[in-house]
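Chemist: Okay, here's what each chain looks like letter by letter:
There are 6 protein chains.
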Amino acid sequence: MKHPISRFPVPELGKLPDDIRQKILEVQEKAGFVPNVFLTLAHRPDEFRAFFAYHDALLLRESGLSKGDKEMIIVATSGANHCLYCVVAHGALLRIYEKKPLIADQVAVNYRKADITPRQKAMLDFAMKVCLDSAAVGESDFAALREHGFSDEDAWDIAGITGLFGLSNRMANVASIRPNDEFYLMGRAPRAGG
Amino acid sequence: MKHPISRFPVPELGKLPDDIRQKILEVQEKAGFVPNVFLTLAHRPDEFRAFFAYHDALLLRESGLSKGDKEMIIVATSGANHCLYCVVAHGALLRIYEKKPLIADQVAVNYRKADITPRQKAMLDFAMKVCLDSAAVGESDFAALREHGFSDEDAWDIAGITGLFGLSNRMANVASIRPNDEFYLMGRAPRAGG
Amino acid sequence: MKHPISRFPVPELGKLPDDIRQKILEVQEKAGFVPNVFLTLAHRPDEFRAFFAYHDALLLRESGLSKGDKEMIIVATSGANHCLYCVVAHGALLRIYEKKPLIADQVAVNYRKADITPRQKAMLDFAMKVCLDSAAVGESDFAALREHGFSDEDAWDIAGITGLFGLSNRMANVASIRPNDEFYLMGRAPRAGG
Amino acid sequence: MKHPISRFPVPELGKLPDDIRQKILEVQEKAGFVPNVFLTLAHRPDEFRAFFAYHDALLLRESGLSKGDKEMIIVATSGANHCLYCVVAHGALLRIYEKKPLIADQVAVNYRKADITPRQKAMLDFAMKVCLDSAAVGESDFAALREHGFSDEDAWDIAGITGLFGLSNRMANVASIRPNDEFYLMGRAPRAGG
Amino acid sequence: MKHPISRFPVPELGKLPDDIRQKILEVQEKAGFVPNVFLTLAHRPDEFRAFFAYHDALLLRESGLSKGDKEMIIVATSGANHCLYCVVAHGALLRIYEKKPLIADQVAVNYRKADITPRQKAMLDFAMKVCLDSAAVGESDFAALREHGFSDEDAWDIAGITGLFGLSNRMANVASIRPNDEFYLMGRAPRAGG
Amino acid sequence: MKHPISRFPVPELGKLPDDIRQKILEVQEKAGFVPNVFLTLAHRPDEFRAFFAYHDALLLRESGLSKGDKEMIIVATSGANHCLYCVVAHGALLRIYEKKPLIADQVAVNYRKADITPRQKAMLDFAMKVCLDSAAVGESDFAALREHGFSDEDAWDIAGITGLFGLSNRMANVASIRPNDEFYLMGRAPRAGG
Numbered sequence: 001m002k003h004p005i006s007r008f009p010v011p012e013l014g015k016l017p018d019d020i021r022q023k024i025l026e027v028q029e030k031a032g033f034v035p036n037v038f039l040t041l042a043h044r045p046d047e048f049r050a051f052f053a054y055h056d057a058l059l060l061r062e063s064g065l066s067k068g069d070k071e072m073i074i075v076a077t078s079g080a081n082h083c084l085y086c087v088v089a090h091g092a093l094l095r096i097y098e099k100k101p102l103i104a105d106q107v108a109v110n111y112r113k114a115d116i117t118p119r120q121k122a123m124l125d126f127a128m129k130v131c132l133d134s135a136a137v138g139e140s141d142f143a144a145l146r147e148h149g150f151s152d153e154d155a156w157d158i159a160g161i162t163g164l165f166g167l168s169n170r171m172a173n174v175a176s177i178r179p180n181d182e183f184y185l186m187g188r189a190p191r192a193g194g
Numbered sequence: 001m002k003h004p005i006s007r008f009p010v011p012e013l014g015k016l017p018d019d020i021r022q023k024i025l026e027v028q029e030k031a032g033f034v035p036n037v038f039l040t041l042a043h044r045p046d047e048f049r050a051f052f053a054y055h056d057a058l059l060l061r062e063s064g065l066s067k068g069d070k071e072m073i074i075v076a077t078s079g080a081n082h083c084l085y086c087v088v089a090h091g092a093l094l095r096i097y098e099k100k101p102l103i104a105d106q107v108a109v110n111y112r113k114a115d116i117t118p119r120q121k122a123m124l125d126f127a128m129k130v131c132l133d134s135a136a137v138g139e140s141d142f143a144a145l146r147e148h149g150f151s152d153e154d155a156w157d158i159a160g161i162t163g164l165f166g167l168s169n170r171m172a173n174v175a176s177i178r179p180n181d182e183f184y185l186m187g188r189a190p191r192a193g194g
Numbered sequence: 001m002k003h004p005i006s007r008f009p010v011p012e013l014g015k016l017p018d019d020i021r022q023k024i025l026e027v028q029e030k031a032g033f034v035p036n037v038f039l040t041l042a043h044r045p046d047e048f049r050a051f052f053a054y055h056d057a058l059l060l061r062e063s064g065l066s067k068g069d070k071e072m073i074i075v076a077t078s079g080a081n082h083c084l085y086c087v088v089a090h091g092a093l094l095r096i097y098e099k100k101p102l103i104a105d106q107v108a109v110n111y112r113k114a115d116i117t118p119r120q121k122a123m124l125d126f127a128m129k130v131c132l133d134s135a136a137v138g139e140s141d142f143a144a145l146r147e148h149g150f151s152d153e154d155a156w157d158i159a160g161i162t163g164l165f166g167l168s169n170r171m172a173n174v175a176s177i178r179p180n181d182e183f184y185l186m187g188r189a190p191r192a193g194g
Numbered sequence: 001m002k003h004p005i006s007r008f009p010v011p012e013l014g015k016l017p018d019d020i021r022q023k024i025l026e027v028q029e030k031a032g033f034v035p036n037v038f039l040t041l042a043h044r045p046d047e048f049r050a051f052f053a054y055h056d057a058l059l060l061r062e063s064g065l066s067k068g069d070k071e072m073i074i075v076a077t078s079g080a081n082h083c084l085y086c087v088v089a090h091g092a093l094l095r096i097y098e099k100k101p102l103i104a105d106q107v108a109v110n111y112r113k114a115d116i117t118p119r120q121k122a123m124l125d126f127a128m129k130v131c132l133d134s135a136a137v138g139e140s141d142f143a144a145l146r147e148h149g150f151s152d153e154d155a156w157d158i159a160g161i162t163g164l165f166g167l168s169n170r171m172a173n174v175a176s177i178r179p180n181d182e183f184y185l186m187g188r189a190p191r192a193g194g
Numbered sequence: 001m002k003h004p005i006s007r008f009p010v011p012e013l014g015k016l017p018d019d020i021r022q023k024i025l026e027v028q029e030k031a032g033f034v035p036n037v038f039l040t041l042a043h044r045p046d047e048f049r050a051f052f053a054y055h056d057a058l059l060l061r062e063s064g065l066s067k068g069d070k071e072m073i074i075v076a077t078s079g080a081n082h083c084l085y086c087v088v089a090h091g092a093l094l095r096i097y098e099k100k101p102l103i104a105d106q107v108a109v110n111y112r113k114a115d116i117t118p119r120q121k122a123m124l125d126f127a128m129k130v131c132l133d134s135a136a137v138g139e140s141d142f143a144a145l146r147e148h149g150f151s152d153e154d155a156w157d158i159a160g161i162t163g164l165f166g167l168s169n170r171m172a173n174v175a176s177i178r179p180n181d182e183f184y185l186m187g188r189a190p191r192a193g194g
Numbered sequence: 001m002k003h004p005i006s007r008f009p010v011p012e013l014g015k016l017p018d019d020i021r022q023k024i025l026e027v028q029e030k031a032g033f034v035p036n037v038f039l040t041l042a043h044r045p046d047e048f049r050a051f052f053a054y055h056d057a058l059l060l061r062e063s064g065l066s067k068g069d070k071e072m073i074i075v076a077t078s079g080a081n082h083c084l085y086c087v088v089a090h091g092a093l094l095r096i097y098e099k100k101p102l103i104a105d106q107v108a109v110n111y112r113k114a115d116i117t118p119r120q121k122a123m124l125d126f127a128m129k130v131c132l133d134s135a136a137v138g139e140s141d142f143a144a145l146r147e148h149g150f151s152d153e154d155a156w157d158i159a160g161i162t163g164l165f166g167l168s169n170r171m172a173n174v175a176s177i178r179p180n181d182e183f184y185l186m187g188r189a190p191r192a193g194g
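Residue numbers (my numbering), protein chains in the order written: chain A, 1 to 194; chain B, 1 to 194; chain C, 1 to 194; chain D, 1 to 194; chain E, 1 to 194; chain F, 1 to 194.
Because the hints were derived from the structure by calculation, they are not lab data. None of the values given here were measured: they were computed from a predicted structure. A hint or two may mislead.
It does not matter which identical chain is meant; a pair holds if it fits inside one copy or across any two.
To be verified - Capping the alpha-carbon separation at 30 Å, the derived lysine-lysine pairs in DSS-like fashion look like this:
(1) K121 / K67
(2) K67 / K2
(3) K2 / K30
(4) K100 / K15
(5) K30 / K67
(6) K15 / K99
(7) K129 / K2
(8) K15 / K30
(9) K23 / K121
(10) K2 / K121
The following block holds chain A by itself, in its conformation from the complex:
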């Protein structure tokens, strides 16, 4: 590999604790490769476990937000935090879940110009305020969400995802975690019949 995937030591898969190795092998099975965030965060097994537990709690739970909505929040706020890993890796997921090859670049650069619904725009308005100025979030922001049918629990989801990936963005920026080359192209093929 030409470029290091982290400025910190990257553990060998064979030397990782069983549960972590198992989780990584499952991801590899599903994705066809191991996303670098798994190997690089495994440098700290306990933090790895906690991060992915938090991730699954927010990303896999039943919610008023679709899978695509959730990835959209990650891409928009990771763009605001200038986190290359998350924009590229979650951009791939966003394209796939939304079945829209153009959506990730749009959301990462300027979500106001993206091909998204007014409801999604309101969702991202809230997420960006949580990302950039959470101290000023107040009842009028919840009201703006409600106008688009978002419940308080949905607002919690938006805030939680924004916060968790704010943590992830900071770790990826500090550790210079490199996105796998595979992510850049995933989901970019135009929809058949689209």
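Since chain A is already given, all that's left is putting chains B, C, D, E and F on it; use the hints.
Modeler: This is chains B, C, D, E and F only, laid out in the frame that chain A set:
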């Protein structure tokens, strides 16, 4: 209670899953009261478990940072994020661990004027850059830490704590989590013989 | 004294001009100690006289603002200017005048989460705009104040206090004026019967 | 067409002045499609002519900057200005000129993490300062460029390209100029033998 | 000449291409002196031609904006970009076109306090948003313009002038282009009978 | 009078307290007109007295700063605070004291491009940091001043003037204090034999 401790529903202790109730009772045993962050985050048990697992992984591990150093990072960056809960609750812990009744207010308002060591100031310089502009963190920032004896692993700890409490700050701001009244006074009594 | 109270020379009380020494002795009589801002600013007697004349003109005049309101403005804007001296010293006065042991920390960190009235929140909205972006203050800001019963003269008071302590914040930051240890605890004891 | 390519009227090719239609047909011949910026800016023929004359003067002249360097400046500064059209369209050109399928996303999100040379990083440091704080550009910035072999004329080129695309970014943002779908995929196929 | 008018080479008039020398002589004829921007930008003849072609296309076209309106946009946005050349040179033109000796200083420092019409204030609100945060410009901004009678074409003019002088501001800042002494006094004499 | 000079009541000269009327008449005698700041601030006589006492203490004292240096600080920081009154009124004084008709516009727009000495540039670097980010002022800033021969007392003067006019800027912005027309032209006539 006059003031709500969260704008989201707060679960009754008796209705919480056993492991969470158990953890909360242990904290209550130790602190003499239940810090509101436990009750308010327990609204989402899986996120609660993940948050405190992450917290313990970073805060309880052996490290080049002392317990006081770690709380100092939390107070400084929570000040930058204008998070009342974390400034007040972790300010109390910081006073206690450092045995300095004045330190928390100093660090929360302007760490450059605080009664801290040059090593601690370098630590907070790094933490504040991770908090406010992580995309610009680079090798010169690690070098500045090394001049004060911080290893790369210590840098990871600083970044991790800053990132995790950036998440916590955002949740507390969005949910208006209220610090317990008890925290405000803890550790403020002057040191005997100090 | 372990820590210097100013990076500039601090005059001896006995060598100060009579009127200044007199004023300082009066404050000492009343407070039980000499707040460091008096000794440190006395380095320049004429500026000392002018500062406290301005201070008294704004803080002691009859006004639509209570004493507590005025200290609240000082604490909030000094927080925004990251001035340790003013947050700590005027935080003490704010707790005492408002008879609220928690109020100063709340207002210094994020006044939107403080136990204050909607009227006080509108007052602080105006003060923060004067503090951070006075060039954009316009008639809509005065109108927002009027909705809460503030007159134009009250608006002048808010602006004047914000401006005067903006000056004070800058002097205290540049001179590293250290708050007296006494301030940190003042007014923190819970109200009897409160 | 599902999405409008501009919020302003878009002229029909057949009704454009000859020289502009001719230029557009040449671009179409070369690229296989008409980039939307040509049709949308042709709404104002004289501005169209001037913009592309400026563009050609800077982009086609002999210079210490390669074609790839120039596109890299456009992508980085358009990212800072959140201009979707320029990030996407010039990102395609950057990938092609540099023969690096990943480079555009890297530069648009955070050039400090991109697979570029130290010389290119210095070039982008200068460009970003011109983009975001040109009033503070001074001799030390030219000196930093010289350390990497950039002449004063190269500095002019960097500033000119940054300035011209700052204009283009603003027009594209105000007019909501939509990037052609074709750009998103161009140059993303991995290099054969790479 | 005491002060250089550019940090880049300034061509001699006699050695310039004919069309450029001709244009410069015409300006000299009209103004009584050669504005430094002409000589300094002539260092790059092709860019010179393109810049003034764009300038004339926007500044000389029939429009809902008067000549004074256009210069007002240049002065306000050049103030925001801290461009000395454009504030001083276009400030002179603004005073002359508007026949108001005070207007340029007012607009450059704080247009909200300037002696301008509400319509002009709305125009500058739009221009400043294009200058400072064009990514956030949206339909509500066009609507605010329409309330004051501005058409979409007028909005394009405002954006174009703001963008073009954003380019000019950056070149003048990077090249330290010096305003001619003559500009500072032009148009300052009080209107006779005014 | 076409334009109001304040959005607050302006007292009649005849109804002012004797000392204030006397001071105003002296200024009028000297300047040939009454600067509006005197009449508008006289709305609050005690604040008026304190402001001008502070002003005189800082502006009239013996100092390592010349009269021109002091006005230069006022103009630069008032520019940063977008205060029309102070830029225009103190710009006039700056031109007169420095005998440089161009200096005020240069300093107000971008002091880095002004015809000032390296020593004055260092002075303004310090003043601007006090104005915009006083919490970050530290020993390295004092050291930079010392390299240009400024003493600690000079640093206090710079900070005091910046702070006092930060107060004045905020009052003038909030009260919309209008500069007298006379100021705009004062000191603009070229120096005889200059």
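Chemist: Quick one: which hint numbers does this structure break? Sort them smallest to largest.
Modeler: Of the numbered hints, 4, 6 and 9 do not hold.
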